[in-house]
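**Student:** Chain by chain, the residues run as shown.
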Amino acid sequence: MTILPDEDVGMDVLADHMDPDAAACPACGGAVALDDDLVVGEILYCEHCGAELELISIDPPRLELFEEEEK
Amino acid sequence: MPSGASAGGAVGIWRFAERFERAVPVRARISLGEGDTPCQEHVALAREVGLERLWLKREDLNPTGSHKDRGAAFQVSARVADMLASGHAGGTLVISSSGNAAVAAAAYVARTPFHLVAFVAPGTPDARVARILEAGADVIVSEQAISLCDAYARSHALANLRPSTDPLAVFGFMSLGWELLEAGTSADSVFAFASSGTSLVAIGRAVEEGLDGSSKGGRTGAWPFGLHVVQGTYAHPIAGRFDPRPVPAGEGAGDGEGKTGAHGARKTRRLGEAVRLVTRSGGSGWIVTDDEAEDGRRRLSAAGIDVSIESGAALAAAQRAAAEGRVKRAIVVLTGASRREEGRMSVDGPTGRLLRAETLDDLDPALGSAP
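Protein chains in written order, with numbering that gives the first Met the number 0: chain U, 0 to 70; chain L, 0 to 370.
Please note that the accuracy of each hint is not assured.
To give an idea of the chain L side of the interface with chain U (calculated C-beta under 10 Å), a few residues [to be verified]:
{"id": "1", "residue": "R21"}
{"id": "2", "residue": "Q39"}
{"id": "3", "residue": "A264"}
{"id": "4", "residue": "R268"}
A few chain L residues that don't get close to chain U, going by computed Cβ distances all over 12 Å [what the hints assert, rightly or not]:
{"id": "5", "residue": "A9"}
{"id": "6", "residue": "P236"}
{"id": "7", "residue": "A273"}
Simulated from the structure, these hints should not be mistaken for laboratory data. From the three backbone atoms N, C-alpha and C, an ideal C-beta is built for every residue, glycine too.
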């Protein structure tokens with residue numbers, strides 16, 4: 000699984016050592032584990048910084064900060 | 000003991016008290032008679048919609064007229080338990096909901112020392128707002144109801160009862176799943192309308208608890224029925240993962256049209272778990288148009304059952320699934336009553352305040368130091 004670290008977070012070290020089934024948290028750059036049965040749109044939590052993240056795509060894996068929708 | 004607390008705690012959802020993962024002591028349990036709703040077989044209606052057999056789970060008969068009472072009963076009781084344990088006297092609880100959840104929360108909170116502040120979106124039906132106010136809760140109307148409620152809760156360290164985010168919301172709804180299992184039907188499918196999917200996830204967890212061979216469940220083997228999620232054209236974050244039928248032109252497709260499930264969330268934190276549960280159960284998802292939902296509601300009304308359009312949607316989904324040859328014997332969960340059939344939950348005491356706010360700066364002067 001390809002990793003797409005957010006270029007703004009400066010997480011080269013983490014990205015270099017990222018598990019193939021993980022993606023970079025766009026908030027802190029930490030590795031967020033991605034299970035096999037996730038669905039696009041699923042909300043995940045970064046265990047490093049607690050950010051709520053939305054899975055935007057699976058292949059390639061891409062996470063964005065979850066934005067609450069006002070109806 | 001709060002007003003409405005059940006002596007012995009063995010009624011409504013509290014019949015399952017020993018199965019909830021979070022213990023709530025008897026003296027903190029509140030019951031207005033929610034749960035233990037009938038699961039009625041309807042022979043003529045089954046024939047009409049193309050099913051071999053049809054059962055209606057009458058959640059519309061809950062005290063405030065919706066299955067949300069189950070969740071609220073547990074959520075509020077758990078906060079009463081926390082209050083009793085801490086020795087503090089009440090405080091403020093908040094909820095953002097433009098649907099039945101706020102009505103249910105207001106009714107249950109009214110029986111406790113707590114005060115509720117409910118955040119609703121503009122366009123929330125007046126009758127619904129009136130019911131919340133009559134129960135003594137304050138109502139904040141805001142374009143940013145969800146985020147303002149979250150911000151207010153965080154800034155004052157208050158519990159937020161919003162079902163899609165409160166971890167305690169699932170427990171009360173699990174009683175619905177256990178009752179469906181207890182009903183002893185030969186149903187091959189359960190159809191339920193979902194907004195955020197909290198109650199759907201709860202039903203799924205309740206069933207799978209038994210499948211896992213848990214000592215609490217005792218049921219082993221395969222899923223006893225397919226779990227079918229029903230949503231409207233306004234918002235269908237879960238059903239949209241299953242239903243390949245294009246949403247008809249003018250019926251929304253995610254742009255806010257469609258009155259079935261209006262105000263429902265288009266993103267939900269329950270998405271992943273809901274999709275996995277529906278998939279494992281062998282069920283599916285169904286996006287129902289307003290016309291189909293109204294037709295379902297009319298059929299139910301003709302059978303003497305006045306329910307919400309979302310309940311009509313659940314019947315319409317079962318009808319479509321039967322026509323496609325995918326189900327034969329269905330339980331349709333009637334999640335809510337029609338507006339005019341909803342119970343009145345007025346309590347003695349002053350009504351709440353109706354306020355408009357868009358920022359915390361608007362709120363604090365209006366509500367005062369609520370906590």
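**Student:** Return the numbers of the hints above that this structure violates; sort them in rising order.
**Tutor:** Violated hints (numbers, rising): 1, 2, 6, 7; every other hint is consistent with the structure.
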